[in-house]
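K.L.:
Put together the whole structure using the sequences plus the hints.
2 protein chains.
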Amino acid sequence: MNQAVGTVKLRQPYVLFLGEETNPLKAKTAFGLRDWAAESCIAQTRLAGGTIELGLPEREPAAAAAAGARSLVIGVTPPGGRIPAHWARMLVAAADAGLDIVSGLHTPLESIPGLAQAAARAGVQLVDVRKPPAELPRATGQRRSGKRVAMVGTDCALGKKYTALALAKAMRAQGLNADFRATGQTGIMIAGAGIAVDAVIADFIAGAAECISPANAADHWDVIEGQGSLFHPAYAGVTLGLLHGSQPDALILCHDPSRTRIVSWPEYPVPGLKDAAQLYEQTARLTNPAARLVGVSLNTSSLDEAAAEQALVRAERELGVPAFDPLRTRLDMAVASIVGP
Amino acid sequence: MNQAVGTVKLRQPYVLFLGEETNPLKAKTAFGLRDWAAESCIAQTRLAGGTIELGLPEREPAAAAAAGARSLVIGVTPPGGRIPAHWARMLVAAADAGLDIVSGLHTPLESIPGLAQAAARAGVQLVDVRKPPAELPRATGQRRSGKRVAMVGTDCALGKKYTALALAKAMRAQGLNADFRATGQTGIMIAGAGIAVDAVIADFIAGAAECISPANAADHWDVIEGQGSLFHPAYAGVTLGLLHGSQPDALILCHDPSRTRIVSWPEYPVPGLKDAAQLYEQTARLTNPAARLVGVSLNTSSLDEAAAEQALVRAERELGVPAFDPLRTRLDMAVASIVGP
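Line order of the protein sequences matches chains V and C. Per my numbering, the first sequence starts with residue 399, numbered consecutively. Per my numbering, the second sequence starts with residue 399, numbered consecutively.
Read the hints as simulated data drawn from the structure, not as lab findings. Computed from a prediction, not measured in an experiment: that's the story for all the values here. Just so you know, not all the hints are guaranteed correct.
Computed cross-link-like contacts, SDA-like style, restricted to lysine to any residue with a CA-CA straight-line distance of at most 20 Å [to be verified]:
hint	chain 1	residue 1	chain 2	residue 2
1	V	LYS529	C	ALA597
2	C	LYS407	C	ALA568
3	V	LYS529	C	ILE599
P.N.:
Below, the structure is given as structure tokens:
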């Protein structure tokens, strides 16, 4: 994988830390890594009482390090999204064993008693993946080589990351030169690099996006995870800066046909597909005049087979581009539409 | 003035610190404060060699404090935008005299030797005006009482702040209940409150904008300083978040008719007035469906009288709203257009 310049960078492979978690819903990060970064996950490690099973060899940090692991990744979300005090011993032991510690939780790793000292002793990194790199540039706006496809959405949390991962996988399976590019914390853990764009200083959003998908070979595709929505009353600024810095040639509109209101902002309706496509194309063309909608990804998880099929046909007819659900349908048409004739 | 909740807050009146500056171009902050916050500027203070003359009484910090000053504001920009080491003695003396210290320069005030201790001793604040408040909320998107007019632009640095200040002054002169609301550092010093929205974490841009113009009396107008431009390849995310959080009823498009390229991004053209008006209205309507363009402010400083007049007539004809140059023309028509019938 061509590493992006100026992004957070993780050392792979990983041992996935599962604490004493028993609820699989609190282990979404671990399952996501196992599913989407399978070749980078070589072990799991639990505390007494933990029951999450990823199907990976169970190894103490030292044994995982001996087996080749470079980082211990916290794969579960404890109550409040914070690191419990009693994890400190295990985390210090992992650092002492030569493992980087990687966390997407709220507690800064530096603040855990003894951990910074252990990391300094062992020469390992403590990586809070939500924390952006210290020195981000302002966006240059200059066109760069390589091709880019960006996920954009009618709301947050409706499948933009999943769509990007599935498309990157399908493109590589067809022998295309393609990489998933991460713009949020789980994506960064999967890709091993990226920037949580919603956490950067406002002046640098587009600059961070330029770092996430730097110049590349002319035939290379960056498949870029989206964030937020241009139709979201709180987060549209993040979405627009990410779009401008990404300079996408192609846009995939992600949508959940069962959703009529913005999640947690119920006064705001989800936009119509045509309105959404129009505004995304118009704004993307500032930094790439050739930007065009090439597909629509529907999250049909709440629909039965027949209703899902109807929704896909309807979306395809409305927008004139291939519609797909990465969990349900083949992606050949979408990939062909991205790559073009 | 109805103080905004959750913004940076400055204590007025000010003594303006001019260092040893001799170049008026490096004292724009001081001149701006003298011109736009005249009632809040009661003294100036210089170091040996300084020649900037604001026409204010020259007073040492202690004498300024005795005369009623509450804050010493750094009003000049030294080389590199940093505070020279030899200013420390004067700044410490000012803190010891009971003055808050206010700076828009890059050097954190906390880092100046002895200053944090002096501030703690004297119980005064050190205010880096570019630094946002620690706890900003995410935007709620909920409509709030009061009326708002937002400055939007075809580029950065073409008169959005000046236009907002001039309009707020003209509205108050007509007896309207109106306040300038600051979104950048000089504006914050003038208003005594505000948030530098380009310096907040990306997720909180619109939330910061909601704090800058909180709920107010039904007949009250916030006149909101703009930042960046939706047509700027680096900063459009800031502009969009600010627009959404501001929920403007009325938009003033600010433009420099002599500018054809985005400053420092010469590959990017300045948009046409109609295109700009269309995108600002469309995006503003997400959070305020009644948002509409009500005026166009032209910076005609590079044109002679006849050319300026032509440009104003042309802009008015193109957009169908009153055109004005706050440095050259009366603002009655613009104010009438903002307030409506």
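K.L.:
Please go over all the hints and tell whether each is borne out by the structure.
P.N.:
Here is what the structure says about each hint:
{"no.": "1", "hint": "LYS529/V / ALA597/C", "verdict": "holds, 16 Å"}
{"no.": "2", "hint": "LYS407/C / ALA568/C", "verdict": "violated, 24 Å"}
{"no.": "3", "hint": "LYS529/V / ILE599/C", "verdict": "holds, 11 Å"}
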